Amino acid sequence: MQLADRLDIDWDPGNISRVPYRIYTDAALYARELERIFYHGHWCYVGLAAEIPNPGDFKRSAIGERQVIMVRDRHGKINVVENRCAHRGVQFCQATHGNAKTLVCPYHQWSYDLTGKLIGVPFRNGFKQNGRVNGGMPDGFELADNNLVQLQVAVEHGVVFASFDPGIVPLREYMGPAIGQYFDRIFKDRELTVLGYSRQRIPGNWKLMQENIKDPYHPGLLHTWFVQFGLWRADQQSTMVVDERGRHAVMVGKKNDGGGGAAAEATTSFKESMKLHDDRVLDVVVEPWWNGPTVTMVTIFPSVVIQQQVNSLSTRHIIPRGVDTFDFVWTHFGFTDDTPEMTRRRLRQANLFGPAGYVSADDGEVIEFSQRGYAQDDAHATVCEMDGTGFGGTDHNVTETLIRSMYAYYRDVMDV
Amino acid sequence: MLAMGVSLDARIAIEDLYATYVALLDARDYDPWIELFVEDCVYQVKARENEERGFPLAALAFESKGMLRDRIFGITNTLFHEPYYQRHLVTNFRIRVDERAGYRVDANYLVCRTKAGELTEVYNTGRFRDRVVELDGAFFFAEKRAIYDSELIPNSLIYPI
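Sequences listed follow chains A and B, in order. So for the first sequence, this note's numbering puts the first residue at 1; every next one is plus one. So for the second sequence, this note's numbering puts the first residue at 1001; every next one is plus one.
Pulled out of the complex, with its shape left as it was, chain A reads as follows (with noise of 0.2 Å):
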């Protein structure tokens, strides 16, 4: 390692179960997790094949802070290229989403085909007048040595995965058997019907987030709802599923009648008279898939949420924007095979999540008053030791181990 590249980062080797704040705040260190982490060696995630069904769609996505377009070309295939153009740098793409034949870049005209092969250069043998040719790309200006940054692709039951890394495993691989039969359970043989998006920026670093969703112990303490109906809670039947690396995980529970009981009046956001007006917010359905669970909460590190929380369905992008901030995009989905009765019963749930939702508006708020505590003295660190100090996976939900599992694989990645 250079000097320049050794980051100030006090960490007792080994150690996963304290976490230092600096790891939230280091401009330094967070460049390097865009290098090491979203651009090399890792699938993020894109999109899903149900945004684009027919040739020529495209939408527009992001891995870390580079922007990306997902496209259908004329043979169905899905391409994911980089939004800038090779010839002077352009993000050319400024819709969020359409249909296109080719991708052209409005400022010299320069045109790729829809895998993102440069096919057109506007006077590239000069420009005829009076006997003489104007301009011209030089001699050994070749069209094949300009395309776009295309990206590995990999779509697994119409979800779409990239990455800037052309000798990256297969996603099957780098998923692994424990998590790839969870995302298996929601995605398998299924045609998703996109239901809409919401959005959120987040004041706070990325990997709060992974946090949060690896974290099964704050549920059935920060979400009365959860508490209150059973959805998450300390005496209900749970498995921490995890990777062998440590970075992907699920949490699966299984929701019980909730109301009181020790789990839930050990608790302060237990409110013993609360009764729902109209409890169709709530109107759970158990579909034949589910196979026990009603919850799985899957993370595909580093930049995917895949919720099923009973009836609700949505993947949960995170895209970076510095140390202290990413965006969260959320995509709801169904099935096409739903009936209206269920897409209904799906929007209703869609109360709970989101931005807006009863359940994750204030995981949101925690994130932002995390950062700050992080960023007002960061030379703390956190005590991530519920449960003990080291990492795999567990039977219960009253623990850290998910969030120690990511570390330690965080730690290998990083050298830190």
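Since the hints were made in silico from the structure, they are not lab data. One should not assume that every hint holds.
List of simulated lysine-lysine pairs, DSS-like, C-alpha gap at most 27 Å [to be verified]:
hint: 1; chain 1: A; residue 1: Lys275; chain 2: A; residue 2: Lys255
hint: 2; chain 1: A; residue 1: Lys255; chain 2: A; residue 2: Lys271
hint: 3; chain 1: A; residue 1: Lys188; chain 2: A; residue 2: Lys255
hint: 4; chain 1: B; residue 1: Lys1065; chain 2: A; residue 2: Lys275
hint: 5; chain 1: A; residue 1: Lys117; chain 2: A; residue 2: Lys101
hint: 6; chain 1: B; residue 1: Lys1065; chain 2: A; residue 2: Lys271
Distance ranges between label pairs, derived from CB positions [to be verified]:
hint: 7; chain 1: B; residue 1: Arg1100; chain 2: A; residue 2: Thr343; range: 22 to 28 Å
hint: 8; chain 1: A; residue 1: Asn146; chain 2: B; residue 2: Phe1093; range: 52 to 58 Å
hint: 9; chain 1: B; residue 1: Ala1116; chain 2: A; residue 2: Asn99; range: 45 to 51 Å
hint: 10; chain 1: B; residue 1: Asn1092; chain 2: A; residue 2: Asp412; range: 56 to 62 Å
Where chain A lies over chain B, by a calculated footprint (3+ residues, C-beta under 8 Å) [stated by the list, open to error]:
hint: 11; region: 1044-1050
hint: 12; region: 1078-1087
What you are looking at is a predicted structure, and each value in this text was computed from that prediction instead of being measured. Backbone N, C-alpha and C fix where the C-beta goes; we use that ideal spot for every residue, glycine too.
Given chain A, work out where chain B should sit, using these hints.
What follows is chain B alone, placed relative to chain A:
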């Protein structure tokens, strides 16, 4: 004098309904705020993107006064958040007679947010696309849909718009 079939009296009464709505919301006086709606009201805060692309998802989507009461309980008793003042400005009313019942009312809105010890910021802006009905001489919201331009919600949306 009628503009698109709307009497001056009705226009005044509708604008007065909005003034009451805003005054109650900005004062966090929620119980009387709920009483400005009919029983099976529609209340939505929805991204313009979803509205224009035909996606049904809304950040908040309620279908009764009961759900509004639950939301008020939720924000006053359950949701942990940093409190803030809201200041609504509602303008550019466009009032037409609705073919179903009552009046179709569109109006631009802007909500500023002020947190304790912080500068005031523009929080959310968009257009109300509402339906107002008259019952026994009084006016109520049958539908209130805040379609917001603001692409990104600045972290969270707690209080009603």
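Tested hints:
{"no.": "1", "hint": "Lys275(A) with Lys255(A)", "in the structure": "18 Å, holds"}
{"no.": "2", "hint": "Lys255(A) with Lys271(A)", "in the structure": "18 Å, holds"}
{"no.": "3", "hint": "Lys188(A) with Lys255(A)", "in the structure": "23 Å, holds"}
{"no.": "4", "hint": "Lys1065(B) with Lys275(A)", "in the structure": "14 Å, holds"}
{"no.": "5", "hint": "Lys117(A) with Lys101(A)", "in the structure": "13 Å, holds"}
{"no.": "6", "hint": "Lys1065(B) with Lys271(A)", "in the structure": "21 Å, holds"}
{"no.": "7", "hint": "Arg1100(B) with Thr343(A): 22 to 28 Å", "in the structure": "23 Å, holds"}
{"no.": "8", "hint": "Asn146(A) with Phe1093(B): 52 to 58 Å", "in the structure": "54 Å, holds"}
{"no.": "9", "hint": "Ala1116(B) with Asn99(A): 45 to 51 Å", "in the structure": "47 Å, holds"}
{"no.": "10", "hint": "Asn1092(B) with Asp412(A): 56 to 62 Å", "in the structure": "57 Å, holds"}
{"no.": "11", "hint": "1044-1050", "in the structure": "holds (count 4)"}
{"no.": "12", "hint": "1078-1087", "in the structure": "holds (count 5)"}
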